[in-house]
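**Student:** Spelled out from the first residue to the last, the chains are:
2 protein chains.
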Amino acid sequence: MQSADSFRIGIVGLGLIGGSVALAARRSGWASRVIAWDQNADVLARGRTLGVIDEAVADIPTLMAQVDVVVLATPTRAGEQLLPDILAHSGGVRCVTDVASVKGSLRDVAATLPHEQRARFVPGHPIAGSERHGVDAARADLFAAHRVILTPADDTEPEALALAHALWEATEAEVVYMSVEDHDAILAATSHLPHVLAYALVDTLSHAPERERIFRFAAGGFRDFTRIASSDPVMWRDIALTNREALLEAIDSFGRHLATLREAVAAGDGAALEQTFRDAKASRDQFVQEFEARTGKRPLSSDVG
Amino acid sequence: MQSADSFRIGIVGLGLIGGSVALAARRSGWASRVIAWDQNADVLARGRTLGVIDEAVADIPTLMAQVDVVVLATPTRAGEQLLPDILAHSGGVRCVTDVASVKGSLRDVAATLPHEQRARFVPGHPIAGSERHGVDAARADLFAAHRVILTPADDTEPEALALAHALWEATEAEVVYMSVEDHDAILAATSHLPHVLAYALVDTLSHAPERERIFRFAAGGFRDFTRIASSDPVMWRDIALTNREALLEAIDSFGRHLATLREAVAAGDGAALEQTFRDAKASRDQFVQEFEARTGKRPLSSDVG
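Protein chains in written order, with the working numbering: chain U, 1 to 305; chain Y, 1001 to 1305.
So here's chain U without its partners, still in its complex pose (with noise of 0.2 Å):
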């Protein structure tokens, strides 16, 4: 389907974010064309093959000349390399907006460039991932009833922001408005600490002296609470380090709680430790009775260990 509101997309960096964006825009007829970008000229060759993109080119400068919105989708650290080059050859271009799950960074060298570049960019975020990666993961339905936020500056180009927002509701997500630092703390709550905390599991039963049988005896409780342990871990890496200050508040929050419940533990507190059981398990259901409703997602098997 090609229609007079389609628009030529360009994806700089061709991963499971990338390949689904261009996925679902080009199924809703959003996008009538679909040219990337990666570093890695097989990844461009298997993004070809499966369809995911119409053309691949050999650099930024290229791809900026023949499309109408780009969305740089490469991990975090590696998108603030890129974003001076792409601004800077965006002048044809009517939006660029961007994936990655911390906004701040990126945020801050836009600060840098010249008004009428910066002003292009819509810093954006979708909720929603998997620990698969890779364009051969992606999913023309990845974003289907999942919220994307995007952090637009004051002086953002209204056209622009409209772009972004309608790219997003192409890809059946739900759109949403927020701060920078708002999207930067909230993140470091419900994904970045609990995803240190998985990788810090598993550090900590890797390294146990016990740890053959430890990972023999684990069970699905294990498995589903070390999943996102699972995720890539430059992509990771690049987000601890670009949420540093948010990050670490959260961990340090969550040491603070995690020590009263070891002191209860060490006290014998059974009325404390059950209290805080069962709080946590109301907020929890709460949390999974809406996140269920509203995304139509199935409960899990529930193998617990």
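None of these hints come from the bench; they were simulated from the model. Ideal placement from N, C-alpha and C gives every residue a C-beta, glycine not left out. You may find that some hints are simply not true.
Derived list of chain U stretches under chain Y, where covered just means 3 residues or more per stretch with a C-beta under 8 Å from a C-beta of chain Y [stated by the list, open to error]: (1) 186 to 194; (2) 197 to 211; (3) 282 to 294.
A partial selection of chain Y residues facing chain U, derived with a Cβ cut-off under 10 Å [as the list claims (entries may be wrong)]: (4) D1182; (5) A1198; (6) F1217; (7) H1257; (8) L1261; (9) V1265.
Computed far set for chain U versus chain Y, every beta-carbon distance over 12 Å [to be verified]: (10) R48; (11) L50; (12) Q66; (13) D85; (14) G91; (15) G104; (16) D108; (17) T112; (18) L113; (19) H115; (20) E116; (21) H165.
Given chain U, put chain Y in place with the hints provided.
**Tutor:** Chain Y only, in chain U's frame:
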């Protein structure tokens, strides 16, 4: 199906685990009849309505007079209180086994009882469960392809041990043996620590000033990570109290590894973060591969956030 090798089973505490043992043992033909006692008469009535049990009795002595094998399936601390009464009436019973997630506390209770009583007791722990609980959640296949750890004492009667082993094999579980100390240390690492971390994370976020938006913007990764925080608060209070020493050691070991990761974040040490994340991912990926190959469990949905 009823055979010469089928037994009358008594269930003490009719919840997810007791109910699932009943269903599995009867489905296989190992149990010819299932009789249950629970402190809650409504639960017993529900168990009869659901067809999980054949008969409910009003007290433990009545139960003990009518069965060959008894499965103690209450939360851990209730089990400690009931075990002496069960064993005191076990003269006509060939095996008393249990399902508690901590083995040290019941071992200590048994050690105070006369030899001829405690020799009939085979401590056991099926590494299977669910965040759902209660007899309504019981399933005949809960233990299939899962492990059950038995931790017999030196003077456990061979016949009692053989019956406990056979009961669990009838549920299609794989039976393995371990010392009480090893069991409690390994389960502290693989199960009790993750539960405490999940409860602590939800507790942390529930008390954050931004709690409403935090839960609104949490996604699939958070849901999976916190699934075990929806587990039964009383059961987990008891586990935390009865496996205190091993759990404190596991919490402290985790705390040291988390502190190391925190330092790497604070110092902006990307190389250290990436290495830790990479190693953790490798360990976790290997665990999942083996777990899924063994149990035939399907991979989970893969939405992260």
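**Student:** Hint by hint, note whether the structure agrees.
**Tutor:** Results of checking the hints against the structure:
| no. | hint | verdict |
| --- | --- | --- |
| 1 | 186 to 194 | holds (count 7) |
| 2 | 197 to 211 | holds (count 13) |
| 3 | 282 to 294 | holds (count 8) |
| 4 | D1182 | 7 Å, holds |
| 5 | A1198 | 6 Å, holds |
| 6 | F1217 | 5 Å, holds |
| 7 | H1257 | 4 Å, holds |
| 8 | L1261 | 5 Å, holds |
| 9 | V1265 | 5 Å, holds |
| 10 | R48 | 24 Å, holds |
| 11 | L50 | 18 Å, holds |
| 12 | Q66 | 32 Å, holds |
| 13 | D85 | 22 Å, holds |
| 14 | G91 | 34 Å, holds |
| 15 | G104 | 14 Å, holds |
| 16 | D108 | 15 Å, holds |
| 17 | T112 | 20 Å, holds |
| 18 | L113 | 24 Å, holds |
| 19 | H115 | 30 Å, holds |
| 20 | E116 | 32 Å, holds |
| 21 | H165 | 18 Å, holds |
Figure legend: structure checked against the earlier numbered hints; every hint is met.
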